[in-house]
Structure formats: C-alpha cells, structure tokens
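Residues per chain, in single letters:
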Amino acid sequence: MSEFQELVKSFAHIRDYVRDFFVYGFKTREDFSDKSGRTYDNERRRIESWLSEYIRSDYTQKGKHISIALDSNLLLTNPLYRVWKSKSFTDNDIMLHFFILDILQDREARSIDELTNEIYANYDVLFEPQLVRKKVKEYEAEGLLLCEKSGKQYHYLCADSLTYSIPAELPALLDAVRFYHLAAPIGILGSTILDNQKTTNHVFLLKHGFFAHTLEDEILLTILTAIRQKRAISLTIRSSKSQQVQNMEGIPLKIFVSTRTGRRYLCLYHKRGQRLANLRLDSIKKLVLMDSVPSYEEYQHILSQNLSKVFGVSFGNVHTMDYIKLTLSIHEPTENFILKRLEREGRNGRITRVAENIYTYEAEVFDGNEMIPWIKTFTGRILYFDSNNSYLKRKFYQDIQRLAAMYNL
Amino acid sequence: MKLFTEIYNCYFQIVDEICKTAQAAPITQKEMISLAARFGFKESAFLIVPRMINNWNLLEKVPEGYLSKIDNLEVLPLTILQKRWLKSILMDKRIGLFLDTSQLKILHTYLDKTEPLFEPDDFYEYDRFSDGDDFSCPQYISHFRTLLKAIHQRQYVQIHFYSHKDRPISIVCLPCRLEYSAKNDKFRLLAISKKSSGLRQVETINLSRIHRLTLIEQYCEKKISLEDALKNTYYKEPVRLLITTSRNTLERTMLHFANYEKQTKKLDDHHYECLIYYNRMVETELLIEILSFGPTVQVLGPESFLAKIKERIQKQLQLIAQNET
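Chains A and B, in that order, give the protein sequences.
First residue of the first sequence? That's 1 in the working numbering, and the numbers climb one at a time after it.
First residue of the second sequence? That's 1 in the working numbering, and the numbers climb one at a time after it.
Excised from the complex, chain A in its bound form (with noise of 0.2 Å):
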C-alpha cells in the first residue's frame, strides 16, 4: 500500500467534501456513493489532518459521520484556507524553490546556466539545466523572479519583497490585510500575505462570515478575469437541487452577493435565452474563458436597468412585476426600530405612515417569492399581506396555519 499524502493535486478534487463536511455535515461513508469508500477514506483523513481541531465525529444507525464544527464568530482566520495549502509538490520544486531563492538574495542576475552551476557548488545538488529554468520560467510568470536580457542571454533576479519595498507602510498595510483576509473576496491571497510576513491576526472577526464561501475562490478567479477582460464564458453546472448538468454560454456581468443566506451567484446574460440570469458559484463546475465581447458595456447598461426591481436573484419568469404590499403594526415610539428594519432592510419599498401605529411597506419586484422569507421574520406584527399574485398571498396565510398547527397553538 502507497503511503498517505495529506497533499493533493487538484483542488476541485477536494472541493465538494470539504463542502459536504462543512456545509452539512451528516453524510455517512455510503451517502459518497459516486466515488469508491477507498476514495472516501483517502479524503476523510486528508481533511481529519488539515482541520484535525474542527473534526467532529458522530454515529448513528447509518453509520458514522463526519462534520467540520467551527463558530465563523469566533475564529480569527478561515480554517478553510488551510485547503488551499495542500497542494502536492515533488522533491525538485521544494528544492529549486530554495536553492534558487536563496542564491538569488544578493540582488545580483544570473542567467540559467549560472544558476545550475551555483547550486550544485553551493548545495551539492546538480539539477540539468532545463529543470532549472523550467522553474525559473514558472517563477517569473508568477512574479517572484524579474528576468533581464543582456546580449543575447536572458538573466534572473528574485523581485523585492514588501518588507524592502515599502518598510514604512507595511505595518498599517498589514492591519489591512489582516481585516480582509477575512473581509474581501478571496482572501486566501491575504492569508498567505500574512503567511509571507510571518504574522497573524490578532485583531479582527467576522460577524456573519460564511467561511464555505472560499471553496468557489478557484471558479470566482475565472469569473473576475473574464469580467476583468470583458470575455464570455463556457460553463458547466451541476443544480443541487435536481443534480442534473448543464452546459452553458454567457457573458459575465457581476457577482451577487447575499450577506444573510450565504449564497453567491454569477450574474450572466444568457446570449441564447437573452436574458438575465444568476448561477449558484457552488453550482458551477467547470468554467472556460471564451472571447472577448466588444459591446460589454451594453450588457452592463441592460443589468443595471433591471437592478432596482430584483430583490435577491431572481429576474423572473414572467413578464408582470409582482406588486407586494405589507401592513405592519408598529407601535410608536417603543417600537421604531422596527421601522428602522424595514428601511434598512426593506431595498427600494415605499415604507408610509397610513395612521397611529400603522405602516405600510410597499414595493414591485421582478419576483415576490424571494421576498417572502424575509416578511416573514415580521411574523407577529403583520396587519395585511396584499399582492397582485393570488399565489404568492395564498401562500403566506397557508404557511401561518400551517405554523399554528406545527406548534398546537
């Protein structure tokens, strides 16, 4: 039997059971049933090494469970990322890695075959040329090395590192970094920043952090160079809900994000359905950057047309707005800060005062569905719940019974 390897190579590989430990948390052995239980076993340990302190087993009939157990209030950094630094390597790249850092140090250039013959005189390890700048070329397309032509030879020098480029600021850089490795869009880069420095955050958490967010950081990164160049996209998705896949083509216009249900999407026109659309970042797999598209911006212009009549994601299916009107008891001025919820919350509603103690709320939104959830979390204080789709006002009454029964009340 080969020996375990806590490294991977691929991290779409790992993706969906770290998300499955962390998201849910109670499949059992037989609920991974599209891969091999061997496979199962493999990643099981991977993911009991990487985040060994977050493990939490359980049992039942079914079997045993294992769950990824943290509190995002309480931690100072994103377990998760911990991922992201697993990625395998061979003896060579760690060496190379070192050798050529470290000679590179002195500032000074030195083209491949110098490099090749430093290393064997300084570490006693002769590596063919080739290998070397193989390395060399991989370093210099990710930034750590800078390359100089002289003659007709190409030398090479390590790039400056923060600490020598900007000492004075790095201090408040840092702090900064120390927030948005938390904070911003994939902030594993600001993690391994911190890594670089040799430093922690000791200073900030995250209220309302969704930590699973950093599994989509690969496929987001695609998105944000294709947005970036104003490209189209190629794209498989799988639904969670019906697990069924689909292929696709678009133009990417905008993440979605929602700061309360954990959820991102891509926000894409659909060029064969011409349509707005979003997608579930956890639902895309596989993602190609296409051709660039010359009239970007007017799809931008189309989004943000449409912007102020979506609530959460949804453009809708049909071509009538849905018409929401809430009648709240709200008694003043005790209860203000429940008016102040539903002018924070409320997006582009039209909140009035009809008389003492009651107010309405009133909006037109592309889909009223998505905005039931959230008058719901008024139950207790709502008078009326109006709309122009029978269904949708059907259904909230239903769903008060259907509460009242749950509960014997």
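In short, the hints are calculated from the structure, not lab data.
Any given hint might turn out to be false.
Derived pair list, reagent style BS3-like, types lysine-lysine, alpha-carbon separation capped at 25 Å [what the hints assert, rightly or not]: (1) Lys285(A) with Lys309(A); (2) Lys113(B) with Lys230(A); (3) Lys93(B) with Lys340(A); (4) Lys62(A) with Lys2(B); (5) Lys194(B) with Lys236(B); (6) Lys315(B) with Lys236(B); (7) Lys42(B) with Lys134(A); (8) Lys340(A) with Lys308(B); (9) Lys207(A) with Lys69(B); (10) Lys265(B) with Lys64(A); (11) Lys42(B) with Lys27(A); (12) Lys207(A) with Lys315(B); (13) Lys2(B) with Lys198(A); (14) Lys137(A) with Lys266(B); (15) Lys309(A) with Lys286(A); (16) Lys223(B) with Lys64(A); (17) Lys395(A) with Lys315(B); (18) Lys271(A) with Lys325(A); (19) Lys308(B) with Lys207(A); (20) Lys165(B) with Lys207(A); (21) Lys69(B) with Lys134(A); (22) Lys315(B) with Lys393(A); (23) Lys149(B) with Lys93(B); (24) Lys62(A) with Lys194(B); (25) Lys198(A) with Lys236(B); (26) Lys149(B) with Lys137(A).
Since the structure of chain A is already known, use the hints to place chain B on it.
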C-alpha cells in the same frame, strides 16, 4: 497565475521555518517536529522531517543536529496574484481606516503596474443593510485607529458612547477585537471590562456610537482570551430544529446557518435535526432567521426559545383573527 500552487503550501512554510531556525544554531529532529506541528497539518511532521534529513539537501548534519544550507533567504517577494489582491483592497471604501492619504499614495505607486484582481463594482451585496457605518468620517477613522493601537499595545481605553437607547455611557475597558459584520456593514468593538465585583465582562460597542475615546496609561500584562470569554456567553443548550426537505429547506438552512456552529443529524429521508449553538447577543436575530423559513423548520427546544417563537406566531394569529372580524 494559479491560486492552488505549492508556493502557498504550508510545507514550504515549515521548511522555511526550519531553515531559518537552523541558520544560527543547529536544529534537532525534535525541534523540527515541533515546527511542523505548529505550522503544518496533523501528520505533516511524519512526512516532512524524514525528507528534510534524507532527501532535500537543505540541511547539513553536524554533531549537535542540523545546520541550514539556506542561509540568505529572508522574506519572499509577493506573487503577481498577491499584489493584484492588494491593489483591489486599496480600492475598497474601508481602506482609509488603515492607511492615510500619503500611505495610500506610496502603495499606489508601489502597485502602479499591477492590475486589480477585482473592483468594488464587480460585487453586489443585495441584502446588505443600508445604514452601514460612515467609514470616511474623520472622527470614526480616528477612533478606529486608536482602538487598533490599543489592541496592539494591550492598552486600556476610556470610552464615552451612546447606548442603543441613546443613553450616554462611559466605561474603562481593554479593547480586544474589532468585529465587522458584512450584513450590517458595521464595526463593533469587543472589549473586556472589570466589574466592581472583580468579574470580567465582555462589552460590545458599535464604533459609530462612540463620541469620545482616550487611551489611558494602563496596560494588560495577563493573557486574556476574548474568544473563551465569548464562548462562556453561549447558552449550554443549543437551539434544536426539525428541518424538512420540502422547498429545498435542507440545502437552504445548511447554507444559511453555516456561520453558526451547528450539528446536523439525518432522522429519515425527509427530516433532519439540527443543533445551533448561540448566545444572548444573537438570539433575536436567530429567532427571526428561523421564522423566515416558515413551516418547513420547527423549533423543538430549548423551552425558552420555543416560547418566544410561539409568542410571535400567537400574536400573528391574533392580528389575522382581528382583521377577519
């Protein structure tokens, strides 16, 4: 430019730590194991230390242990991807809390040729509250920086602020953390104050409610864990939910409550039990979040939480009944 690359691998970090430790004086195998345990994963030491000794030619055996052959390497440069991320955060509306205009100018010059990875407009937080803090307010920036300094120096402060009921309050406390809520778009200070009884108490103060703040010449020598203090504020009994699978509720609740510590168990093909750990500070928020799912999520306990849910539904039933009559 890849995000998943060995350059960011924690094994490289461990090896770097080992080499730096072994530059001045020999390192022992035990010390290597300890560094691998500190910077790596659970089993990293078993995989790295033998290779450090036998395969990678980074160390030289001496009688007292091992000396590093890597003796020049200091701090690594940043990758283009890391620089692009830095450029993006410089465009964020909150960056002025950390860096003043002249510092920002120097950083923009440093990253002059770097393309941002993303811009603020690439993201649309559609359900973020609209009454977030004013991050450009000079007084707010000044308070933020004073608190940052106090946290770094473990220095006490005197804070004058207005409570949620707009009552003026003044306290002396030790600032421990700055907590940012993406949903509220607000910073709150988490601090520890000492009551006259000697008991420590966690204070939570919205930064926008502070109107005067001064550092005082008192420093904290002891190690105080705010996270432990916060953990102590959690109720012993978690909220117990019965989740049904209709309306895709399982998927929705699992994502929605992913920012809480939770534990989920499958009961049968259509029912799941989920335990959510919480404290008084988030109780009302959790309660209305649960209500937002309607009849597909049922609270089973604890009794006090269940009573609050029932009270709201009862009130709602009364309002509907009144309107019908």
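*Which hints from the list above does the structure break, by number from lowest to highest?*
Checked against the structure, the hints that fail are numbers 1, 4, 6, 7, 9, 12, 14, 15, 16, 18, 24, 25, 26, while the rest are satisfied.
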